[in-house]
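Peer 1: The lines below spell out each chain.
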Amino acid sequence: MSLSSKRELEQMALNIRLGIIRAITSNHGGHIGGSFDLAEMLAVVYSDFMRVNPEKPDWDQRDFMIFSKGHAGPALYAALALKGFFPEERLENLNNPNSLLPGHCDRNHVPGVDATTGSLGQGLSIACGAALAGKLRGTDQRVFCVTGDGESAEGQIWEAAQFAAHYSLDNLIAFLDWNKMQIDGSNDEVMRLGDPVRKYQAFGWNACLVKGNEVMAIQRAVRRAVEEPNGKPSMIVLDTVKGEGARCIVEMANNHCIGFSDELCGKVMEELREQGRKLGMEVE
Amino acid sequence: MKIRYTGQKAEKEVFQVFNETMRQLIEQDARVVYLDADLMGSLKTQELWKRYPGNVLNTGIQEANMVGVACGLYLNGFKPYVHSFSPFASRRVFDQVFLSVGYGRKSVRVIGSDAGIMATHNGGTHMCFEDIAMMRTVPGACVVDISDPVMCGAFLKMTRDRPGLTYIRMPRRDLPDIYPPETAFAEGRGMLLREGSDITLVGCGIMVATCLQAAELLASDGIEARVIDIVTVKPLDEELLLDSAGRTGAVVTAENASVLGGLGSAVAEYLSSVHPVPVLKVGIQDSFGRVGTESFLRKAYGLTPESVALRAREALKLKQAL
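Protein sequence lines correspond, in order, to chains A and B.
Going letter by letter, the first sequence gives residues 1 to 284 in the numbering used here.
Going letter by letter, the second sequence gives residues 1 to 322 in the numbering used here.
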């Protein structure tokens, strides 16, 4: 397996953030915080591990990507556009009336989206079903799934966690975007999550914690999950900061779903341009 | 149509037909999967589970996850059937069914057993009267209330590749035989079981046989009732209903479900907009469930042939007063 370099992955992550901004500013706002902090994970998975065919999104041997935290649609859409599932211009249709790009992940309108999600807690179950189907069919398909920390208060997440271990779904590689924030405050204020790594381990999963903005750490963790199946599903807990990638977003008290003024857009773009310069990229 | 209803219990119980049919489906199509949430014992499907471990799967008592798993199985090439008792297959997982199945356009068959009073001794916690009302609101859904074992087998087979949500509501046992084997059913096509020109009785599920009995009671008073098994509450056989309302001028609906949003509502909603005639509803009148035998509960909730006949006479008076 030839894997991408750190620089390549960081460039991809930056491009994903640019796509997210393109989408969200087109509609003057959206779910920025929990989208931005997934850029490195998406860069790694879509550059090095997802076996998909943009020409044939429903290819029956494909790997699956299921965003259980459906509100991070803009992040997934940005990655899909970069992979060529649809023209990047389409990102500017986010949540517009008659949009072909609904803010929450929608498999019926967006090529490359495997599951329609938005009512939290349901995506991990769907991922379990897709992974089980791969086992029953005897394919080597992988199923990736992205869950949220606020979402982990949903009981269905833990039903699915039990199910995945019971059925030995080692073709299921899930992420938990542990940014410690949700709409009404921090996880600790709203509903304590505790130690998600130990929780998933107790449920019979492989679980590890990696820095959510370190592409090489994520690459190592996914590689291990993919190359060393041991009969257990894998949970890669991403230690993230909500809004990661732009200081002006991170510093907001609540960046879950926010309006986007031209001024804010300018500030974010300034930061992204600076990152581009460091990576040797021209950012418009 | 020609029916074989005698009032006797069916030769085969519904759970037997379910087992035989699922077995055939799995034998014919390796992509058929049946998921259960720890109620295989109730449907007597443990033998299937042992025999077809790649097609019959137990999710344990986690209905919400089961619906999601079914959706994922569909996405990756399978044809899932899921079963639980009707309250847990509908009310408990309505969001999962509405969004993950309906809105997400999966093809999933949800089987809710022991619907309505057929939960008998499990009582109010297990007695689901509102499933028809809920499931009807899922766009694209097919909602069928099984009145006879032959119908159960037919719908399991014919909806295997049906897109969207199919909700099959059924008792596990104690249905009569109504239809000859090999009867052809169709989604949105009601069955005209008895001709009559005075009034139309429209039933679903266990109330179809009750309507046939009520028609006998009415006939002894010289009232000729036309009897329809609506088969699918959604889609509704509008043509048959309109024709029947035109011929008889009065309708009584009968369902083992809440009259709020159920078959009676569906029929009244339709007829009021195209051909208003009196539509009186036999069913659960805004009540919770309770413990009892089927016959006790039928009396307690007014699901008897006498209740249907009484409502028919009331409907006739309304018709004459028009």
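Just to be clear, a hint being listed does not mean it is correct.
Which residues of chain A face chain B? A partial, calculated answer using Cβ under 10 Å [what the hints assert, rightly or not]:
| no. | residue |
| --- | --- |
| 1 | T116 |
| 2 | A133 |
| 3 | Y167 |
| 4 | D188 |
Derived by calculation from the structure, the hints in this document are not laboratory data.
Keep in mind the model is a prediction, meaning the values are calculated, not measured.
The beta-carbon is built from N, C-alpha and C at its ideal position, and this holds for glycine as well.
Peer 1: Does D188(A) meet its interface restraint, that is, does its C-beta lie within less than 10 Å of any C-beta in chain B?
Peer 2: violated (26 Å)
Peer 1: Can the hint on T116(A) be confirmed by a CB-to-CB distance to chain B that is less than 10 Å?
Peer 2: holds (4 Å)
Peer 1: With a cut-off of 10 Å on the beta carbons, see whether Y167(A) makes it to chain B.
Peer 2: Nearest chain B Cβ about 8 Å off; hint holds.
Peer 1: Given A133(A) as an interface hint, is the shortest Cβ-Cβ distance to chain B below 10 Å?
Peer 2: holds (3 Å)
Of the numbered hints stated above, the single one contradicted by the structure is hint 4.
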